[in-house]
Each structure stands twice: as C-alpha cells, then as structure tokens.
Amino acid sequence: ATHAVFGLHPLAFHVVNVTLHVIVTSLLHVFMREIDKASREGALGASLLFAVHPIHTEAVTGLVGRADVLCAAFFLSCLMAYRRAIRPNTRWHNGWLLVSVLMATGSMLSKEHGITSLALCGLIEVTDKIRRILTRSYVYSLNLRLLVFPSQLSHDWSANSITLVHSIFDVRNWQTLFAFGIVSCVAWTASKEAVHKRQHRILCSWMCTSESQHHTSKQKLVFLITLCSLFGVKTVLRNRAWQNRDSLIRSGLHVLPHNAKLHYNFGNLLKDTGRSIEAMNHYEKAIKYWPEYSSAHNNLGTLLSTKDASLAEWHFRSAVKQASCHSNALFNLGNLLIGLDDGRTEEGVQNLLFASRCDPMSHLPHVQLGLAFHHLNKPRQSIEHFNRALSLKPEDADIMYNLAYTYNIDGQHSKAADMAHKCTDADHQSVKCLELLSTLLPSTLTAKLYLSIQSVDEIHRPQIALMKSSLYGSLSLHSQALFVLRDLLSRASLSDAEAARVHLEIGKHCRDIHLINESIHHFEKAVQLNRDDAESLHYLAVIHHKQGLKTAQMYINVKEETASLV
Numbered sequence: 001a002t003h004a005v006f007g008l009h010p011l012a013f014h015v016v017n018v019t020l021h022v023i024v025t026s027l028l029h030v031f032m033r034e035i036d037k038a039s040r041e042g043a044l045g046a047s048l049l050f051a052v053h054p055i056h057t058e059a060v061t062g063l064v065g066r067a068d069v070l071c072a073a074f075f076l077s078c079l080m081a082y083r084r085a086i087r088p089n090t091r092w093h094n095g096w097l098l099v100s101v102l103m104a105t106g107s108m109l110s111k112e113h114g115i116t117s118l119a120l121c122g123l124i125e126v127t128d129k130i131r132r133i134l135t136r137s138y139v140y141s142l143n144l145r146l147l148v149f150p151s152q153l154s155h156d157w158s159a160n161s162i163t164l165v166h167s168i169f170d171v172r173n174w175q176t177l178f179a180f181g182i183v184s185c186v187a188w189t190a191s192k193e194a195v196h197k198r199q200h201r202i203l204c205s206w207m208c209t210s211e212s213q214h215h216t217s218k219q220k221l222v223f224l225i226t227l228c229s230l231f232g233v234k235t236v237l238r239n240r241a242w243q244n245r246d247s248l249i250r251s252g253l254h255v256l257p258h259n260a261k262l263h264y265n266f267g268n269l270l271k272d273t274g275r276s277i278e279a280m281n282h283y284e285k286a287i288k289y290w291p292e293y294s295s296a297h298n299n300l301g302t303l304l305s306t307k308d309a310s311l312a313e314w315h316f317r318s319a320v321k322q323a324s325c326h327s328n329a330l331f332n333l334g335n336l337l338i339g340l341d342d343g344r345t346e347e348g349v350q351n352l353l354f355a356s357r358c359d360p361m362s363h364l365p366h367v368q369l370g371l372a373f374h375h376l377n378k379p380r381q382s383i384e385h386f387n388r389a390l391s392l393k394p395e396d397a398d399i400m401y402n403l404a405y406t407y408n409i410d411g412q413h414s415k416a417a418d419m420a421h422k423c424t425d426a427d428h429q430s431v432k433c434l435e436l437l438s439t440l441l442p443s444t445l446t447a448k449l450y451l452s453i454q455s456v457d458e459i460h461r462p463q464i465a466l467m468k469s470s471l472y473g474s475l476s477l478h479s480q481a482l483f484v485l486r487d488l489l490s491r492a493s494l495s496d497a498e499a500a501r502v503h504l505e506i507g508k509h510c511r512d513i514h515l516i517n518e519s520i521h522h523f524e525k526a527v528q529l530n531r532d533d534a535e536s537l538h539y540l541a542v543i544h545h546k547q548g549l550k551t552a553q554m555y556i557n558v559k560e561e562t563a564s565l566v
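The sequence shown begins at 1 in UniProt numbering and counts up by one.
Honestly, the hints are just simulated from the structure, not real lab data. Take the hints with a grain of salt, since some may be wrong.
[Stated by the list, open to error] Okay, derived cross-link-like pairs now, DSSO-like style, lysine-lysine, Cα gap no bigger than 30 Å in a straight line:
(1) Lys393 <-> Lys415
(2) Lys432 <-> Lys393
(3) Lys271 <-> Lys288
(4) Lys393 <-> Lys378
(5) Lys432 <-> Lys546
(6) Lys271 <-> Lys307
(7) Lys432 <-> Lys415
(8) Lys307 <-> Lys321
(9) Lys393 <-> Lys271
(10) Lys378 <-> Lys432
(11) Lys422 <-> Lys393
(12) Lys307 <-> Lys288
(13) Lys546 <-> Lys525
(14) Lys378 <-> Lys422
(15) Lys271 <-> Lys321
(16) Lys271 <-> Lys218
(17) Lys234 <-> Lys218
(18) Lys271 <-> Lys220
(19) Lys234 <-> Lys220
(20) Lys422 <-> Lys432
[To be verified] Restraint-style ranges between C-beta atoms, simulated for each label pair:
(21) Asn281 <-> Val222: 45 to 51 Å
(22) Asp410 <-> Val542: 39 to 45 Å
(23) Met361 <-> Trp174: 50 to 56 Å
(24) Leu376 <-> His14: 53 to 59 Å
(25) Ser158 <-> Leu311: 25 to 31 Å
(26) Trp242 <-> Asn281: 37 to 43 Å
(27) Ser276 <-> Glu384: 53 to 59 Å
(28) Glu292 <-> Pro257: 18 to 24 Å
(29) Gly95 <-> Pro150: 43 to 49 Å
(30) Leu477 <-> Leu311: 36 to 42 Å
(31) Phe223 <-> Leu311: 26 to 32 Å
(32) Leu311 <-> Ile409: 32 to 38 Å
The beta carbon of each residue, even a glycine, is placed where N, CA and C say it ideally should be.
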C-alpha cells in the first residue's frame with residue numbers, strides 16, 4: 001500500500017513505520033491501564049521506555065521490520081478486545097469477541113508467533129478467575145473473624161467496602177489460609193453472599209449448637225457464660241449506633257473509611273442539615289473511592305451549581321456518562337444550561353426532554369420545560385408541558401398558576417380564568433393566583449370570589465388584607481375595608497413600607513366616604529413612614545388644593561422632586 005501511494009521513496013516507508021510504532025506504544029499504555037491495572041504514572045513510564053528502547057531500532061527503521069510492528073499492534077488489540085468482551089454486563093459481547101478473533105488473525109498473518117495472542121486471552125480469563133477466588137475466599141475468612149471477634153461491625157458493606165485481592169502476594173491471603181486451615185468446613189457451610197447477615201446467622205447457629213453439645217464441664221460452662229456476657233455487652237454497645245441516622249453512618253465510617261456509599265449517605269445527611277461545605281467534602285471522598293458513582297457526582301454538582309457552574313456542569317455530565325438515564329442528573333444539567341444563558345438553552349431543553357423520558361412519572365422536568373419554553377416565547381409548547389405536569393400532579397397550585405399565566409399570554413383568557421379559579425381552590429392563600437384571577441374576571445365577580453374566602457389569615461398575609469380591602473372598596477363597602485385595614489395595622493408586625501401602604505389605603509377609603517381630616521392624617525402618616533410615597537403626596541396636594549390651603553403647593557413640589565428622583 002505504501003509503494004502504491006508513495007512509490008519507492010524511503011522517507012514514506014520510514015514515516016509509516018514510525019507511525020505504527022507510535023500506535024503500538026499508545027496501545028501498550030492503554031493495555032497496562034486496563035488489564036494490568038497500572039497507575040497512570042507507571043503506565044506512562046513503561047510506555048516511554050518502550051518507545052525509546054534501542055532494541056526496537058531494527059524493527060522500526062528496517063522495511064522488513066514492519067511485520068513485527070504490525071504483529072505487536074494486532075497482538076495488543078486482540079488482548080484488549082477480548083478483555084472488553086469478558087467484562088461483566090458488556091453490551092457488545094459477541095462484537096468484541098469477533099474483533100478479538102480478527103485481531104488475532106491479523107497478528108498471526110503478520111508474524112507466525114502472533115497466534116500466541118489466543119493463549120494469552122485464555123490466561124486473562126484464568127487470572128480473572130484467580131482474583132475472584134482469592135477475593136471470595138478472603139470474604140469467608142473475614143466473616144469468620146467477625147463471628148469470633150465482632151470488633152468492626154457496619155450496617156453497610158457495599159460499594160467496595162472490601163477491596164479486591166488482585167495478587168497471590170496480598171498479605172490478606174495469609175488470613176484466608178489460616179481461616180481455611182482451622183474451620184474450612186464452616187467456611188463451606190456459609191452462604192456465598194459477601195458479609196451478609198444471613199451468613200452470620202448460619203455460622204452463629206453452628207457455633208452455638210456445637211457449644212451446647214459439650215458444656216458438661218464447669219470450665220466450659222464458665223467460658224460459655226463469659227462469652228455470652230461479652231457478646232451481650234457488645235450487642236448493647238452496637239445498638240447505640242442505631243439511635244439515629246447520624247450515629248449509624250458515623251459508626252460505619254469509623255469501621256469502613258473507604259466505603260463510598262457511606263460517604264455519600266453522610267453527605268446527604270449534612271446537605272439536609274444545611275452543612276453544604278462538609279457535604280461536598282464527603283461527596284468528593286465518595287467519588288475518590290468510587291469514580292463511577294453517578295449519584296455522588298449529581299449531588300456534588302447540585303451543591304456547586306451556585307458556586308462554580310463549570311465544575312457543576314462537569315459533575316452532571318460525569319453522572320450522565322456513568323448512567324445515561326440518570327433523570328436527576330439530566331434534569332439538573334438541563335436547568336444549569338438554561339440558567340447560564342450562554343447560548344446553550346436548546347441543549348438544556350434537550351436534556352430536560354431526555355429526563356422526562358427517563359422518569360415518565362416525574363412532573364418536575366415538564367414544569368421546567370414549560371418555564372423554558374415560556375422564556376423562549378413559545379407559549380404553545382409551554383402549555384403542553386404544563387398540562388403534562390398537571391396530569392402527573394393534579395393538586396399542585398404552582399403548576400396551575402403557571403398554566404393559567406401562560407394561557408393568558410397566549411390569548412386564551414377563558415381557559416386562563418378557569419385554571420386560575422382552580423388554583424385558588426387548590427390553595428386559598430396563594431396570592432399570585434388571586435392576583436392573576438383579578439386581572440381575568442370582572443371586578444364585581446372577583447370581589448365576591450375573594451371575599452368568600454374565609455380561610456385566609458390576613459393578619460399573617462398583609463397582601464391578602466390589602467387586596468380584600470380594595471375589593472370591599474370596589475363593592476362600596478368602605479366600612480368593612482377600613483375594619484380589615486385597621487385590624488391589620490393594630491395586630492400585625494409590619495415594616496415601614498408595609499405600614500405606609502396600609503395608611504395610604506385607609507386614607508383613600510376615608511376620602512371616598514368624605515372623612516377628609518382622617519384621610520389627611522393617614523396620608524401624612526404614610527409620607528412620614530415613606531418619604532418617597534408619591535401617591536400619598538398626590539392625594540394630600542389634591543385635598544389641600546380643594547380646601548384652598550397654601551400647603552398644597554408644598555406637597556406638589558415634594559411630589560415633583562420625588563418623581564424626578566425616580
């Protein structure tokens with residue numbers, strides 16, 4: 001092929017050989033990382049040594065050496081493809097096996113000793129099985145140690161709590177040999193589940209029955225009483241760890257500080273109690289011990305969303321990479337991209353759509369999609385998603401309000417009024433629903449609707465009291481309006497701005513029923529509390545002007561100054 005393209009020019013042949021050597025070096029680096037489990041630095045160092053080793057000079061420089069380089073490339077590719085084929089839960093098992101066979105064929109056709117790649121594939125299979133056997137055997141010995149000496153107990157032994165035994169030189173193998181040498185029959189009787197409570201019960205029942213058959217002597221009776229006492233004390237002490245969620249997780253972390261799931265659960269506890277910084281530290285530890293822990297990535301990203309958006313995005317994407325249908329991560333990523341407002345709104349919308357497909361029973365993605373389409377000025381799509389959200393959570397007043405508001409924007413006023421009415425039925429104290437409905441219904445109907453609501457405590461909701469007083473006024477029921485406002489003023493704890501608003505409304509009602517002096521008093525009180533209250537200044541100027549008072553001009557001047565400042 002090189003001759004057909006470049007002719008007999010020697011530089012072309014040399015460039016191709018060097019390129020192939022670079023490919024082989026890269027494959028070796030990946031091989032060591034994936035199969036030999038070498039560290040990043042170790043794999044890089046070995047690859048660099050391989051790349052510059054002088055023994056490769058003849059193979060890379062000479063034309064006939066290309067067969068060796070090609071053989072090495074196919075050889076390593078065969079091993080890596082086979083390794084991926086035998087991975088647990090691999091999606092393309094048969095495909096990777098076919099690739100492995102093709103690479104072995106290519107290696108054999110390049111150099112005859114390439115056929116040995118198939119033998120090495122078998123060795124990989126055996127090595128993996130040896131590792132599994134060593135790890136499982138260690139688990140049995142660990143169960144026995146916990147049975148005889150229950151000093152390190154935890155409620156959760158998952159998430160790599162027991163690190164794998166990768167080599168026959170691991171010191172833990174001595175513990176396994178010791179355990180099998182003493183009570184191998186007990187180990188075979190036990191269940192094959194790792195550190196499972198059922199396994200402890202089987203072993204414990206054997207030990208107890210064995211003891212009960214040989215307790216005739218006083219020494220053994222004393223031993224039995226002592227052992228039961230010690231175990232009883234340990235059980236009582238262990239029960240203390242189960243007093244609450246905090247003590248339980250802390251006890252687990254004390255025994256298994258490298259358990260990713262325990263760090264994740266403790267992070268959740270800290271997050272729920274408002275200790276975000278500590279929660280982030282434990283989420284980071286969970287990711288350190290289990291880099292593929294998608295939920296830890298998602299929760300850490302949630303806490304980082306308001307502090308470091310780019311890092312939060314990276315964690316959300318990492319969660320989605322490890323679990324492609326992680327609905328919470330997709331939801332959070334979509335919200336983040338939309339909120340950044342950096343031109344990736346459409347990508348955020350796509351993530352929310354994917355989240356809604358991954359979790360079809362959740363209303364949250366549809367709510368956020370409705371809001372996103374609203375901001376994109378697409379009311380029809382917004383209405384569609386708000387309706388879907390409402391179908392999943394029919395009693396949610398916030399969804400009803402958003403839907404009614406969007407109907408109103410889209411010109412569907414009758415539907416907007418109906419939905420706003422349902423919103424007030426669902427939540428009588430929802431001010432925004434009441435305010436929206438007031439813009440959609442005739443004033444008389446609106447007033448009667450609001451005033452029929454007796455469950456609203458206007459003392460704790462000043463805006464409700466102000467609204468009801470205004471509606472009493474629209475029905476010419478000023479005495480009732482004044483009662484509501486005065487009651488609010490006397491009982492509620494109001495800010496200066498809120499109190500000024502109440503005095504303004506009292507002054508307006510007093511003016512309407514010709515209580516001029518009282519209205520002046522309340523308008524002046526409103527101005528004292530809020531010097532920028534242009535509306536109160538306006539009413540004072542009008543009243544004084546009608547009465548022919550010289551102070552009218554003063555209020556007009558103050559009003560104009562206030563307006564100019566605004």
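Checked hints:
A hinted pair counts as satisfied when its Cα atoms are at most 30 Å apart, and lysine 393 with lysine 415 qualifies at roughly 19 Å. Between lysine 432 and lysine 393 the alpha-carbon distance is near 19 Å, which keeps this suggested pair within the 30 Å criterion. Restraint check: the Cα-Cα separation between lysine 271 and lysine 288 comes to about 19 Å, which is no more than 30 Å; the hinted pair holds. Taking the CA atoms of lysine 393 and lysine 378, the gap is about 23 Å. The hint holds against a cut of 30 Å.
Using a Cα cut-off of 30 Å, the hinted pair lysine 432 and lysine 546 is violated, with the two alpha carbons roughly 38 Å apart. With a C-alpha separation of about 15 Å, the suggested pair lysine 271 and lysine 307 falls inside the 30 Å cut-off, and the hint holds. For the given pair, lysine 432 sits about 17 Å from lysine 415 by alpha-carbon distance, which is consistent with the 30 Å threshold. For the hint pairing lysine 307 with lysine 321, the CA-to-CA distance comes to about 22 Å; that is within 30 Å, so the pair holds.
For the given pair, lysine 393 sits about 26 Å from lysine 271 by alpha-carbon distance, which is consistent with the 30 Å threshold. Proposed proximity of lysine 378 and lysine 432 is supported: the alpha carbons are some 22 Å apart, at most 30 Å. Distance check on the hinted pair: lysine 422 and lysine 393 sit about 14 Å apart at the alpha-carbon level, within 30 Å; holds. Our distance criterion of 30 Å between C-alpha atoms is met by lysine 307 and lysine 288, whose separation comes to about 21 Å.
In summary, the hint linking lysine 546 to lysine 525 is supported, as the alpha carbons are separated by about 20 Å, within the 30 Å threshold. At most 30 Å may separate the alpha-carbon atoms for a hinted pair to count; lysine 378 and lysine 422 meet this at roughly 24 Å. Of the supplied pair hints, the one linking lysine 271 and lysine 321 holds, its CA atoms being roughly 24 Å apart against a limit of 30 Å. A distance of roughly 56 Å separates the Cα atoms of lysine 271 and lysine 218; the hinted pair therefore is violated under the 30 Å criterion.
For the given pair, lysine 234 sits about 24 Å from lysine 218 by alpha-carbon distance, which is consistent with the 30 Å threshold. The hinted pair formed by lysine 271 and lysine 220 fails the criterion: a straight-line CA distance of about 52 Å is larger than 30 Å. Proximity of lysine 234 to lysine 220 is assessed by CA-CA distance (about 21 Å); at most 30 Å being required, the pair is judged to hold. With a CA separation close to 13 Å, the supplied pair lysine 422 and lysine 432 stays within the 30 Å bound.
Asparagine 281 and valine 222 have their C-beta atoms about 49 Å apart, which keeps the hinted 45 to 51 Å range intact. Between aspartate 410 and valine 542 the CB atoms are about 40 Å apart, so this pair conforms to the stated range of 39 to 45 Å. The beta-carbon spacing between methionine 361 and tryptophan 174, approximately 52 Å, falls within the hinted interval of 50 to 56 Å. Between leucine 376 and histidine 14 the Cβ separation comes to about 57 Å, which falls inside the hinted range of 53 to 59 Å.
Hint check: serine 158 to leucine 311, Cβ distance near 28 Å, so the stated range 25 to 31 Å holds. Separated by about 25 Å at the C-beta atoms, tryptophan 242 and asparagine 281 break the suggested range of 37 to 43 Å. At roughly 36 Å, the beta-carbon separation of serine 276 and glutamate 384 lies outside the given 53 to 59 Å, and the hint is violated. A beta carbon spacing of about 20 Å between glutamate 292 and proline 257 agrees with the range 18 to 24 Å that was offered as a hint.
Roughly 48 Å separates the CB atoms of glycine 95 and proline 150, a value that falls within the hinted 43 to 49 Å. For the pair leucine 477 and leucine 311, the beta carbons lie near 58 Å from each other, so the given range of 36 to 42 Å is not met. For phenylalanine 223 paired with leucine 311, a C-beta distance near 59 Å fails the hint of 26 to 32 Å. Between leucine 311 and isoleucine 409 the CB atoms are about 36 Å apart, so this pair conforms to the stated range of 32 to 38 Å.
Consistency note: the structure conflicts with the earlier hints numbered 5, 16, 18, 26, 27, 30 and 31.
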